[in-house]
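Undergrad: Start from the sequences and build out the full structure, keeping to the hints where you can.
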Amino acid sequence: MNIQLTKDGKLKHFLTTEGLSKEILTEVLDTAENFSTVANMPVKKVPLLRGKTIINLFFENSTRTRTTFDLAATRLSADVINMNISTSATSKGESLLDTLRNLEAMSCDMFVVRHADTGAAHFIANNVAPHISVLNAGDGQHAHPTQAMLDVFTLRQQKGAFEPLSVAIVGDIMHSRVARSNIHALKTLGVKDLRVVGPRTLMPKDIEDLGVKVCYDMKRGIADTDAIIMLRLQRERMQGELLPSESEYYSMFGLTEEKLKLAKPDVTVMHPGPINRGVEIESSVADGKHSVILQQVTNGLAIRMAVMSLTLGHQIEESA
Amino acid sequence: MTNIANSIAIENGRVIDPANNIDSNTNVYISNGIITHIGDKAPADFSAEQTIDASDKIICPGIVDMCARLRDPGQTQKGTIASETKAAAAAGITTICCPPDTSPVIDTTSVVELIRSRQESAGMTKIAPLAAITKNLGGENLSSMASLKKAGCVGVSDGRKPIANSMVLRRAMQYADTYDLKVFLSPIDPWLNQDGCAHEGKVSARFGIPSLPEATETAAIARDLALVEQSGIKIHFNQLSTKQGAKLIAMGQKDGQKITADVSAHQLFFTENNLCSFDSAYHVRPPFRTTEDRDGLRDALKNDVIGAICSDHQPHEPDAKIGPFPTTEPGISALETLLPLTIKLVDKGILSISSAIEKITTGPATILNIDAGTLGVGSIADVCVFDPDMEWALTENEMLSMGKNTPLLGQTMKGRATHTIIDGRVVFER
Numbered sequence: 000m001n002i003q004l005t006k007d008g009k010l011k012h013f014l015t016t017e018g019l020s021k022e023i024l025t026e027v028l029d030t031a032e033n034f035s036t037v038a039n040m041p042v043k044k045v046p047l048l049r050g051k052t053i054i055n056l057f058f059e060n061s062t063r064t065r066t067t068f069d070l071a072a073t074r075l076s077a078d079v080i081n082m083n084i085s086t087s088a089t090s091k092g093e094s095l096l097d098t099l100r101n102l103e104a105m106s107c108d109m110f111v112v113r114h115a116d117t118g119a120a121h122f123i124a125n126n127v128a129p130h131i132s133v134l135n136a137g138d139g140q141h142a143h144p145t146q147a148m149l150d151v152f153t154l155r156q157q158k159g160a161f162e163p164l165s166v167a168i169v170g171d172i173m174h175s176r177v178a179r180s181n182i183h184a185l186k187t188l189g190v191k192d193l194r195v196v197g198p199r200t201l202m203p204k205d206i207e208d209l210g211v212k213v214c215y216d217m218k219r220g221i222a223d224t225d226a227i228i229m230l231r232l233q234r235e236r237m238q239g240e241l242l243p244s245e246s247e248y249y250s251m252f253g254l255t256e257e258k259l260k261l262a263k264p265d266v267t268v269m270h271p272g273p274i275n276r277g278v279e280i281e282s283s284v285a286d287g288k289h290s291v292i293l294q295q296v297t298n299g300l301a302i303r304m305a306v307m308s309l310t311l312g313h314q315i316e317e318s319a
Numbered sequence: 000m001t002n003i004a005n006s007i008a009i010e011n012g013r014v015i016d017p018a019n020n021i022d023s024n025t026n027v028y029i030s031n032g033i034i035t036h037i038g039d040k041a042p043a044d045f046s047a048e049q050t051i052d053a054s055d056k057i058i059c060p061g062i063v064d065m066c067a068r069l070r071d072p073g074q075t076q077k078g079t080i081a082s083e084t085k086a087a088a089a090a091g092i093t094t095i096c097c098p099p100d101t102s103p104v105i106d107t108t109s110v111v112e113l114i115r116s117r118q119e120s121a122g123m124t125k126i127a128p129l130a131a132i133t134k135n136l137g138g139e140n141l142s143s144m145a146s147l148k149k150a151g152c153v154g155v156s157d158g159r160k161p162i163a164n165s166m167v168l169r170r171a172m173q174y175a176d177t178y179d180l181k182v183f184l185s186p187i188d189p190w191l192n193q194d195g196c197a198h199e200g201k202v203s204a205r206f207g208i209p210s211l212p213e214a215t216e217t218a219a220i221a222r223d224l225a226l227v228e229q230s231g232i233k234i235h236f237n238q239l240s241t242k243q244g245a246k247l248i249a250m251g252q253k254d255g256q257k258i259t260a261d262v263s264a265h266q267l268f269f270t271e272n273n274l275c276s277f278d279s280a281y282h283v284r285p286p287f288r289t290t291e292d293r294d295g296l297r298d299a300l301k302n303d304v305i306g307a308i309c310s311d312h313q314p315h316e317p318d319a320k321i322g323p324f325p326t327t328e329p330g331i332s333a334l335e336t337l338l339p340l341t342i343k344l345v346d347k348g349i350l351s352i353s354s355a356i357e358k359i360t361t362g363p364a365t366i367l368n369i370d371a372g373t374l375g376v377g378s379i380a381d382v383c384v385f386d387p388d389m390e391w392a393l394t395e396n397e398m399l400s401m402g403k404n405t406p407l408l409g410q411t412m413k414g415r416a417t418h419t420i421i422d423g424r425v426v427f428e429r
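The listed protein sequences correspond, in order, to chains A and B.
Residues in the first sequence are numbered consecutively from 0, following numbering that gives the first Met the number 0.
Residues in the second sequence are numbered consecutively from 0, following numbering that gives the first Met the number 0.
Derived by calculation from the structure, the hints in this document are not laboratory data.
Just to be clear, a hint being listed does not mean it is correct.
DSBU-like, lysine-lysine: derived pairs with alpha carbons at most 35 Å apart [what the hints assert, rightly or not]:
#, chain 1, residue 1, chain 2, residue 2
1, B, Lys253, A, Lys204
2, A, Lys258, B, Lys253
3, B, Lys85, B, Lys347
TA: Now the structure itself:
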């Protein structure tokens, strides 16, 4: 049984891209496509979730992701409450549960959760009242499914079909929830040539098990690819036991104009942001013609609207 | 429930006593706390004040649990000596070896005395405490091992706190050996033990769970074996989790090193695959590893590289297990499943019933060098009578331990103690 689905197999929570069918992922993409025009309307709002209350529950700071969830909910006419809860104050499970119980008591309909610990979104989904949907906005190193969906949405806009694509995910695979969610989504949608590229210190052992090819050589890893998903390298990981220095990382795994020539001429370059210019990616590449980084941000809004309306819509159907 | 009878006859059972190579349908006679006779007929001068009918049951030495945390003193919201020794007695366990990581730590004789007095007033399962190797488990200064041994400690250990400094550990081994104390080590390399809570492998890669590599265990075993050299110093490794670790130990044993090892019962059944639903009931240290590791541990058990199965009992209050997986406290409440899981190895064809019983009686008693684990005439009458075919549901209500944290909750167990005799007293019967 997949806890993300209702009894009749529809999306109820959105916790991970793993275990969801191609049909469900495609439904999310198609719905997002419909919403992508809302931004161009004179009144940037649809009344789908009027009277619904969405709580953004951020145990880990993130202005950007929270803002897009906030805006997505607002455009669907839901009421939004933003809560930033410092992890230090709720590092114990019982207080996390207490926080949930308190918020539930205010009769809300959805929690959008970001948490520093792997499995936090599952924990919350397993413990909320049945009428509440949970959206995972990132849990530890586990999953960031809306980011993955906006990535594949952007890729579909750029390329159309998934099956023939060669895609490389480059950087800190080990600590990346974005990488994991992208791997599951891209594999389910049919990408056959999926590569993960990075130094061995940032590569999880046995990641091949997910159907990806591991490449420690950036040049070979991105050769003839249709798309490159660059990952953010967190500052605290740039020096120490994982990597010797920022500059060595950049020289070996940074995406430069020079290296980009090895990919297909129409390669699409993506990055979940925020970018470390000159660490993961050369500025001219980030701002260049192959880059769709800002388009990803725009698409993020449509994807989040899609996931919110689908999950809450199914909840309404189920309780009706 | 407690009967004071000076003489007990346990009749018509299948007596299995691996220490004396006995496996036959016969009777066991107990007088004044001592096993006085095994045979079809009572000795001439024997008259039973109590008779136990053990038809269709197995009579074996009382179970010796190599490692169980009772949480007392210090964490009595999780368990107390009274609650946990009662749960143990009901599970056929007559002696528990407890690590020194209580609060305060077992590094002074007063803590040993405190534990003993609480155990005596509970009057259930006996406790064989381990003393700390280093004061306050700090990894630096040796504890007063000689005094702690006099106070009743059967060995020394720093629990799951690794001693990083090899010089300190080497000196500790030499000092312990001076008093013929065995050193009990949980093989954990401190540098490879950062914030991991799952085996480094397919499952941790897939779910992004912070992980512990196999080398966390094997690097520690390799170092510790090197420190022992051919000195004759006796060490024991607690709770193996890797096939490679068992292999290293087998090599050491072959070389004539006096090393022994145990494994927890749950490590013989669960694997990393059980972590896929983020269920905190499966959060244990060392973590559940691969199917290959599990099978390797089963083989090592079969080949006697691993001499004992322990419960690695770690009871928790419910709150300790509520939260995202990595934030929950590791450990399983396992006293009450030690016997049924050990029997399950027999059903699976891994061990004979006699060697399965050996791993929870004579095996651990020999490792701990205590007077237990045998039905030999003249030995202390610690006896477990169990029904190997009794099926029962493991529910919160059935569990006597304060900790209900087990992934087996709700499942049907097979095999259950019906009578537990400690020092010739029936302390439990069902």
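Undergrad: Out of the numbered hints, which ones does the structure contradict?
TA: Number 2 only.
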